[in-house]
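Novice: Sequence:
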Amino acid sequence: MHISSFFRGVALLDHRTTATLPTCTHVLVIGSGITGSFAAHFLRQKDKEEHILMLEAREACWGATGRNGGHCQLTIYASPPKIGAFELRNFRFLKDLVEENGIQCDWVNTQGIQSHHDENIILEKMYPKLAKKVKVITKDVRSPSLAGLRVPRAVGAFLQDNAASLWLYKLICWVLKNLRSSSKDSEVGSSDLQTNTPVTQLQKVDEGWMVHTPRGTVLARKVVLATNVYTSHLLPIMSNLIVPVQGEMSALIPPASARPSSSSSSLRRTYVFLNHDLKNDIYQDNYLIQRPFITTSLCKGGELMFGGGRQYAAQAGVGVSDDSFTSKTAASYLKNELNNVLDISAIPSEELKASHEWTGIMGFSRDGRLWVGEVTEELGLGGADGLFLFGLDSQGMGCQIRR
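What the sequence shown shows, in full-length UniProt numbering, is residues 1 to 403, in sequence order.
Honestly, the hints are just simulated from the structure, not real lab data.
All residues carry an ideal CB built from backbone N, CA and C; glycine is no exception.
Among the clues, some could well be false.
[Stated by the list, open to error] If you anchor each label on the Cβ, the simulated ranges turn out as follows: (1) Ile237 with Gln45: 30 to 38 Å; (2) Ala85 with Gly301: 34 to 42 Å; (3) Leu379 with Lys133: 35 to 43 Å; (4) Pro80 with Lys300: 38 to 46 Å; (5) Cys24 with Ser332: 36 to 44 Å; (6) Lys82 with Leu379: 18 to 26 Å; (7) Gln45 with Gln201: 27 to 35 Å; (8) Gln201 with Ala85: 21 to 29 Å; (9) Ser239 with His356: 46 to 54 Å; (10) Val155 with Asn336: 16 to 24 Å.
[What the hints assert, rightly or not] Calculated lysine-lysine pairs in the DSS-like style (CA-CA distance at most 25 Å, straight line): (11) Lys222 with Lys300; (12) Lys95 with Lys135; (13) Lys82 with Lys132; (14) Lys170 with Lys95; (15) Lys222 with Lys48; (16) Lys177 with Lys48; (17) Lys95 with Lys177.
Please take these sequences and the hints and turn them into a complete structure.
Specialist: Structure representation (structure tokens):
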């Protein structure tokens with residue numbers, strides 16, 4: 001079943017703040033996912049007098065962000081210190097934002113586990129300050145043990161307290177609606193969201209940028225590209241620098257052993273599973289959270305949001321920018337793999353059933369780092385003053401919020 005069924009009846013569908021497209025704006029943000037929405041959020045905080053226009057090709061938050069699996073975990077055990085510290089600041093910001101504003105996005109503070117099949121614990125030796133925030137669990141550790149963490153077949157694991165699960169679409173909807181509310185209270189500046197308005201071309205002019213859409217053109221002083229993998233549509237030179245990769249996601253129906261009414265309680269942690277399939281020479285990087293149960297009888301909800309397996313799709317999903325279909329081989333892998341990496345089912349060979357399956361298109365950079373800042377002239381378009389590029393997945397968007 002397609003992910004769109006998860007969103008029926010929610011706010012912001014077909015949203016256009018104004019019936020007609022504005023002809024000019026101070027700042028134009030292209031894309032309404034996590035990058036675009038938070039760019040507008042901070043711009044509004046910095047200058048309440050500016051008009052901010054956000055254009056979205058489809059529905060609000062309808063791309064990779066809206067298809068997110070809700071897994072939020074740091075990778076400070078595998079990141080250079082500056083990036084690890086950035087991830088930690090990013091996580092704390094999101095956590096504080098949700099708590100201080102009472103945002104209803106199913107945020108659950110939890111522990112994060114990365115189980116692995118390598119003996120490498122370089123983290124403790126190289127990055128002692130960050131290492132203090134992560135506990136290394138080996139087969140010799142008894143409290144907690146690998147079995148206690150439900151990963152008895154792993155060689156080892158990293159355990160950390162900075163992790164959470166959430167419904168990211170709900171969080172971004174709050175950000176977008178908050179922008180709309182703050183605009184109503186402002187006497188000068190305002191925020192305008194126009195969905196189903198794809199940008200077809202950017203044109204440099206003396207006054208700034210002429211932004212072309214099927215509904216007309218907009219003159220903007222500054223433009224923010226929050227377009228992730230689709231950036232090369234407007235900046236063709238980026239086509240070989242930001243690569244589309246199709247990710248697979250599944251909502252698996254929990255077996256009895258993953259329901260809190262049984263002797264084994266529901267999952268209380270988020271998981272990352274790393275492995276190297278030597279037989280097929282495939283690196284596996286999968287991730288898991290469990291959704292909250294929504295009835296007292298525990299018969300609804302509790303889906304196991306299990307993502308990954310893209311290496312089993314055609315060409316490992318690389319070069320695919322179409323999110324309208326799923327990979328049958330990757331989907332089958334996800335329904336069968338969870339029992340191999342997690343102690344969750346009384347029947348280890350049991351294939352789990354999926355209530356929903358979908359894909360999201362990630363944008364991977366060639367060097368594995370984010371693209372952030374003002375675009376330089378060598379990227380074309382007749383000069384680039386006032387054109388900004390922010391973010392792409394590069395496997396996680398800063399704090400491993402995954403599809």
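Novice: Taking the hints in turn, state whether each one holds.
Specialist: Now the hints, each set against the structure:
1. Ile237 with Gln45: 30 to 38 Å: Because 32 Å falls inside the window, the suggested range holds.
2. Ala85 with Gly301: 34 to 42 Å: holds (35 Å)
3. Leu379 with Lys133: 35 to 43 Å: Cβ of Leu379 to Cβ of Lys133: about 37 Å, so the range 35 to 43 Å holds.
4. Pro80 with Lys300: 38 to 46 Å: Hint holds: Cβ distance 43 Å, inside 38 to 46 Å.
5. Cys24 with Ser332: 36 to 44 Å: violated (51 Å)
6. Lys82 with Leu379: 18 to 26 Å: holds (25 Å)
7. Gln45 with Gln201: 27 to 35 Å: holds (30 Å)
8. Gln201 with Ala85: 21 to 29 Å: violated (39 Å)
9. Ser239 with His356: 46 to 54 Å: Given a distance of about 32 Å, which is not inside 46 to 54 Å, the answer is violated.
10. Val155 with Asn336: 16 to 24 Å: holds (21 Å)
11. Lys222 with Lys300: violated (47 Å)
12. Lys95 with Lys135: holds (21 Å)
13. Lys82 with Lys132: OK: Lys82 and Lys132 at ~16 Å, within 25 Å.
14. Lys170 with Lys95: holds (14 Å)
15. Lys222 with Lys48: Holds, at roughly 16 Å.
16. Lys177 with Lys48: holds (16 Å)
17. Lys95 with Lys177: With a Cα-Cα distance of about 19 Å, the restraint between Lys95 and Lys177 holds, given a limit of 25 Å.
Violation of the numbered hints given earlier is confined to hints 5, 8, 9, 11; the remaining hints are satisfied by the structure.
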